[in-house]
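Chains as they are written, first to last, in my numbering: chain A, 1 to 114; chain B, 1 to 113.
If you're looking for bench data, these hints aren't it; they were derived computationally from the structure. Glycine included, each C-beta is placed from N, C-alpha and C at the ideal position. Careful: at least some of the hints might be erroneous.
[Unchecked claim] Covered stretches of chain A, going by a simulated chain B footprint (3 or more residues, C-beta under 8 Å):
| # | region |
| --- | --- |
| 1 | 33-44 |
| 2 | 106-112 |
[Stated by the list, open to error] Which residues of chain A face chain B? A partial, calculated answer using Cβ under 8 Å:
| # | residue |
| --- | --- |
| 3 | Gln48 |
| 4 | Gly58 |
| 5 | Ser80 |
| 6 | Glu82 |
| 7 | Gln103 |
[What the hints assert, rightly or not] From the derived model, a few chain A residues whose C-beta atoms are all more than 12 Å from chain B:
| # | residue |
| --- | --- |
| 8 | Ser2 |
| 9 | Gln6 |
| 10 | Thr15 |
| 11 | Val19 |
| 12 | Thr20 |
| 13 | Ser24 |
| 14 | Arg55 |
| 15 | Ala56 |
| 16 | Lys57 |
| 17 | Asn59 |
| 18 | Arg63 |
| 19 | Ser65 |
| 20 | His73 |
| 21 | Glu75 |
| 22 | Leu83 |
| 23 | Ala92 |
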Amino acid sequence: DSGVTQTPKHLITATGQRVTLRCSPRSGDLSVYWYQQSLDQGLQFLIQYYNGEERAKGNILERFSAQQFPDLHSELNLSSLELGDSALYFCASSVAAGVTYEQYFGPGTRLTVT
Amino acid sequence: GENVEQHPSTLSVQEGDSAVIKCTYSDSASNYFPWYKQELGKRPQLIIDIRSNVGEKKDQRIAVTLNKTAKHFSLHITETQPEDSAVYFCAANGSTGFQKLVFGTGTRLLVSP
């Protein structure tokens, strides 16, 4: 157990819908990262927050957005869902903002869009 | 941006053999190289990492080597066991803000008893 929690574990929804994925970092970690894992794209970095502020952006679609709250938990919002958005979504956390700090992954949320 | 290539995509070994997985990266400014193990349906688990100021790091049966000149790093697993069977990912931090990890495409390791 990495200490990073994610809810829900599974999510099944229809195209066009909007969902929210939640992540709580390890105790003491200030930085949260979101990744998407699909069979054809592998593990792709989406976005990073540090202490409530966005720090880095990756291949995140405009339909997706995220935020980190004062209690340091983070939410990833996915809207206008398409079939291709079906994937495993992981969040990871680290102590600080630099990537040379180890990132620990949560158990993931499996999103299925039908 | 950073690009990480990983080989082989699959690797089958007998229990007790050694396994080697190789990665190359494109950005010479990268300075952090972690390796993750992912079992089916589970989270990626950090197993070892190396920073650019060292050439080798060991932790029991696993070791990682880094060749900065060649922009190449490798994972070595000795005395493999069936429980080592998983997908292994290498990664490197990108030079753009050093804030993200770029992952290789993964190696599926199968250790047969």
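We went through each hint and held it up to the structure:
Judged by the Cβ-Cβ criterion of 8 Å, the region 33-44 of chain A is covered by chain B as claimed, because 4 of its residues qualify and three suffice. Against chain B, the region 106-112 of chain A contributes 3 residues with a C-beta closer than 8 Å to a partner C-beta. That satisfies the three-residue criterion, and the hint holds. At a threshold of 8 Å, the smallest CB-CB gap from A/Gln48 to chain B is about 5 Å, leaving the interface hint in force. For A/Gly58, the suggested interface contact is upheld, since its CB lies about 5 Å from the closest CB of chain B, less than 8 Å.
Interface restraint check: A/Ser80 against chain B, minimum CB-CB distance 25 Å, threshold 8 Å, status violated. This hint is violated: A/Glu82 has a C-beta 23 Å from the nearest C-beta of chain B, more than the 8 Å allowed. For the restraint placing A/Gln103 at the interface with chain B, the shortest Cβ-Cβ distance is roughly 7 Å, inside the 8 Å limit, so the hint holds. At roughly 7 Å from the closest C-beta of chain B, the C-beta of A/Ser2 falls inside 12 Å, breaking its exclusion from the interface.
For A/Gln6, the non-interface assignment is contradicted: its Cβ lies about 9 Å from the closest Cβ of chain B, within the 12 Å cut-off. With a cut of 12 Å on Cβ distances, A/Thr15 stays outside the contact zone with chain B, its closest approach being about 24 Å. Listed as a non-interface residue, A/Val19 keeps its Cβ farther than 12 Å from every Cβ of chain B; the least gap is roughly 20 Å. The beta carbon of A/Thr20 sits about 20 Å from the closest Cβ of chain B, which is more than 12 Å, so the claim that it is off the interface holds.
Distance to chain B confirms A/Ser24 as a non-interface residue, since its nearest Cβ pair spans about 14 Å, more than 12 Å. With a least CB separation of 5 Å from chain B, A/Arg55 falls inside the 12 Å interface cut-off, contrary to its annotation. Annotated as non-interface, A/Ala56 brings its C-beta within 12 Å of a C-beta of chain B; the closest such distance is 3 Å. Once the 12 Å rule is applied to beta carbons, A/Lys57 is inconsistent with being away from chain B; the minimum gap is 9 Å.
Non-interface call for A/Asn59 relative to chain B: violated, since the shortest CB-CB distance, roughly 10 Å, does not exceed 12 Å. No Cβ of chain B comes within 12 Å of the Cβ of A/Arg63; the nearest lies about 20 Å off, and the non-interface call holds. The Cβ of A/Ser65 sits about 17 Å from the closest Cβ of chain B, beyond the 12 Å cut-off, so the non-interface label holds. Taking the minimum C-beta to C-beta distance to chain B, about 17 Å, the non-interface status of A/His73 holds against the 12 Å cut.
Every CB of chain B lies more than 12 Å from the CB of A/Glu75, the least distance being 19 Å, so the non-interface label holds. At roughly 21 Å, the least C-beta separation between A/Leu83 and chain B is larger than 12 Å, which holds for a residue marked as non-interface. Against chain B, the non-interface label of A/Ala92 is violated: not every CB pair exceeds 12 Å, the least being about 8 Å.
Figure legend: structure checked against the earlier numbered hints; hints not met, in rising order: 5, 6, 8, 9, 14, 15, 16, 17 and 23.
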